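**Q** Residue numbers (the numbering used here), protein chains in the order written: chain A, 69 to 325; chain B, 69 to 325.
Read the hints as simulated data drawn from the structure, not as lab findings. In this text, all values refer to a predicted model and were calculated from it rather than measured experimentally. Be aware that one or more of the hints could be misleading.
[What the hints assert, rightly or not] The following label-pair restraints were derived from C-beta to C-beta distances:
#1 210(A) <-> 249(B): 51 to 59 Å
#2 230(A) <-> 295(B): 42 to 50 Å
#3 177(A) <-> 126(B): 39 to 47 Å
From the three backbone atoms N, C-alpha and C, an ideal C-beta is built for every residue, glycine too.
There are 2 protein chains.
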Amino acid sequence: MQILKLGGSVVTYKDEYMSAHTENIERLAKEIAEADSYPLVIVHGGGSFGHPVAKKHKIAEGMVENSQIYGFSATHQAMVKLNEIIVDTLLEAGVPAFAISPSSMLNTKGKRLHELDTGLVKDYIELGMVPVLYGDAVLDSEQSFAILSGDQLIAKLSNDLGADRVIFGSDVDGIFTNNPKLNPDAELIEKVSVGNIEANVGDTTHTDVTGGMLGKLSEAAEAVKGGAGVIMVNAFEAGRVKAALRGEKVIGTLLTL
Amino acid sequence: MQILKLGGSVVTYKDEYMSAHTENIERLAKEIAEADSYPLVIVHGGGSFGHPVAKKHKIAEGMVENSQIYGFSATHQAMVKLNEIIVDTLLEAGVPAFAISPSSMLNTKGKRLHELDTGLVKDYIELGMVPVLYGDAVLDSEQSFAILSGDQLIAKLSNDLGADRVIFGSDVDGIFTNNPKLNPDAELIEKVSVGNIEANVGDTTHTDVTGGMLGKLSEAAEAVKGGAGVIMVNAFEAGRVKAALRGEKVIGTLLTL
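Chain A on its own, in the form it takes in the complex (with noise of 0.2 Å):
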């Protein structure tokens, strides 16, 4: 089983609000059908959807006034838009895609997923079908809400469901000596070990309301310990995702142990 990432800056305009790459959706929609690699599991980011609207209300945080329940809301719906867009991109390119919503099966404790049965999830891809996911606005037991990154999701369902391989799809070509949109003689590291990997990363240059590389780091370390294979491609080039998929060679970063 594979778990495939895409990105909220591969599948979003960041700088336009609630703007859908439509272009990269279709394009990937048509690299996943085409790659045939089943049983998989895609979870996509927020990108101009989720974020603006959960960083306007403070939903990360937690609640601090009843007005915000209305923000909470509308970050969830924002999320949903996204990908409806991206679940009916995918089954008109032939994947037998389903969209799942988080916020409707799982809570938080203190930002971290706290119950999350992922057996309706493990039934869905029995049934031949791939689930969509997405980093969502989600309750929590301690902050009454919280917003759950797709990252610490897919380290979860990594886990849970024993993936073999999880894709990191971006719009870098991994991870570089430093950050490559800033610094022209930034290097693609080819394979990095997750115990060291703090010190390696630069910070991105999107923060986002989920914890930008490093807490994608972090939260993909959780999936190589839990014994999937790692590796973060560039979906923005053609060919990337869909080679990721086949496993076979492909520029990235691959973690390791």
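Given chain A, put chain B in place with the hints provided.
**A** Same frame as chain A, but now just chain B:
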């Protein structure tokens, strides 16, 4: 706690494919906001969104061939679209609605609700929110998938959450001595015992994939037996839903033991 059902004939134009009755939805959202009667759970039907897709792909009867999984997913997608419109409209009207996806939290066994932990729904209510659920295409442990009617969901929620009152909003004033759309002499029954209900009820003009009026009534009977006051009102008539939510006397049919 009250549960409000908004029938598919109320929130959609039943004869126009995937056409939301935005005028009704907006008016009802305002009535619900003005009624200010919380805690509240809303469940809506499928109308011209879920039903035609489910029918086309024969989802209610379960999986016969693999290709149906696309239709199964498409049925859910149709319901997500309708739910999105309803929740967005409720939020705009000032109702703290939150979208809950039944297929992400439950399954059925032989078309009957099987595994559903209503704890999460309860948590949304306790946070001051109004969970908005719907009839959905769901996993079924015997026939792979099935259609769960909003009415069956209501019976379960009513009993699990201990609802005081369940209000069924449809396109007729209540239960008649005969089909009021076909027989001008049909009279409204103001109070009817669920014990001998089948003898009193004809069939509805629109059959749907979830069992029509008889199915609706047998589910409603479960809620009555569980201790809820159940009333059927005409949600097309301005003010009826608002009055019912407030517990005021309103034209309709009261179901009793």
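**Q** Next, verify each hint and record whether it holds.
**A** Going down the list of hints, with the structure as the test:
no., hint, verdict
1, 210(A) <-> 249(B): 51 to 59 Å, "53 Å, holds"
2, 230(A) <-> 295(B): 42 to 50 Å, "44 Å, holds"
3, 177(A) <-> 126(B): 39 to 47 Å, "42 Å, holds"
In summary, this structure violates none of the numbered hints.
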